[in-house]
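Enquirer: Residues per chain, in single letters:
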Amino acid sequence: DAGVIQSPRHEVTEMGQEVTLRCKPISGHDYLFWYRQTMMRGLELLIYFNNNVPIDDSGMPEDRFSAKMPNASFSTLKIQPSEPRDSAVYFCASSFRATNEKLFFGSGTQLSVL
Amino acid sequence: GESVGLHLPTLSVQEGDNSIINCAYSNSASDYFIWYKQESGKGPQFIIDIRSNMDKRQGQRVTVLLNKTVKHLSLQIAATQPGDSAVYFCAEKLSGTYKYIFGTGTRLKVLA
Chain A
262 DAGVIQSPRH EVTEMGQEVT LRCKPISGHD YLFWYRQTMM RGLELLIYFN NNVPIDDSGM
322 PEDRFSAKMP NASFSTLKIQ PSEPRDSAVY FCASSFRATN EKLFFGSGTQ LSVL
Chain B
14 GESVGLHLPT LSVQEGDNSI INCAYSNSAS DYFIWYKQES GKGPQFIIDI RSNMDKRQGQ
74 RVTVLLNKTV KHLSLQIAAT QPGDSAVYFC AEKLSGTYKY IFGTGTRLKV LA
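Those protein sequence lines, which keep their order, are chains A and B. Residue 303 in my numbering is what sits at position 42 of the first sequence, and the numbering runs on without skipping anything. Residue 30 in my numbering is what sits at position 17 of the second sequence, and the numbering runs on without skipping anything.
These are calculated hints, taken from the structure and not from any lab test. We put the beta carbon where it would ideally sit given N, CA and C, even for glycine. It is possible that part of the hints are untrue.
Covered stretches of chain B (chain A as the covering partner; in silico rule of three or more C-beta atoms under 8 Å from a C-beta of chain A) [said to hold, decoys possible]:
(1) 55 to 63
(2) 108 to 115
With a straight-line Cα cutoff of 25 Å, these simulated DSS-like cross-link-like pairs (lysine-lysine) come out [stated by the list, open to error]:
(3) 339(A) to 112(B)
(4) 122(B) to 285(A)
(5) 112(B) to 363(A)
(6) 363(A) to 84(B)
(7) 285(A) to 329(A)
If we strip away everything but chain A, and leave its shape as in the complex, we get (with noise of 0.2 Å):
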């Protein structure tokens, strides 16, 4: 399996721009994650979905972010509009709960908001 894929790699644009980012969890996993590391905060939680369906927003700072899972191979979160605050490394991780509980992470998308 190629894991948790994550585009783009790194991402930068300008302030009061739409920024979406893209995941495709691990094939048969039903959980997946989104989280924002930044060296302020460290890792936070945005949201997890569970079967397609958000379960905890809660982590999601602003209506400026919104998630979607229009299915179960792919979720994209997008800002709109972005921020340079926004600027972070953006993982996604997704599981399989009925094996184990375990977090597979992808490589992040480093966004640079200018």
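Following the hints, complete the assembly by docking chain B onto the known chain A.
Expert: Just chain B now, kept in the frame of chain A:
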């Protein structure tokens, strides 16, 4: 002004020695714990896990100890190698949810 970031504690260990990385978790109702290793530019990588009904679990060169009384988790790495240099995070899963909370991390430096 100058931004204040997380100050990652750093553990420096001589190659071949054993390392012990500690973590204090926050929720006494957490029922599952994981240690992750993160190398520069990569995502966190699973090392070992333990459930709350256990107090010790061993893997290859790694051991996790859980002390629920004081809400403390530790990761022991035997015969530390240069490839072990990374940031290590503990994560707790809140009981009744599938929500994982990560600690702030410890940087491990292995000295040759």
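Enquirer: Going through the earlier hints one by one, which of them does the structure break, listed in rising order?
Expert: 4
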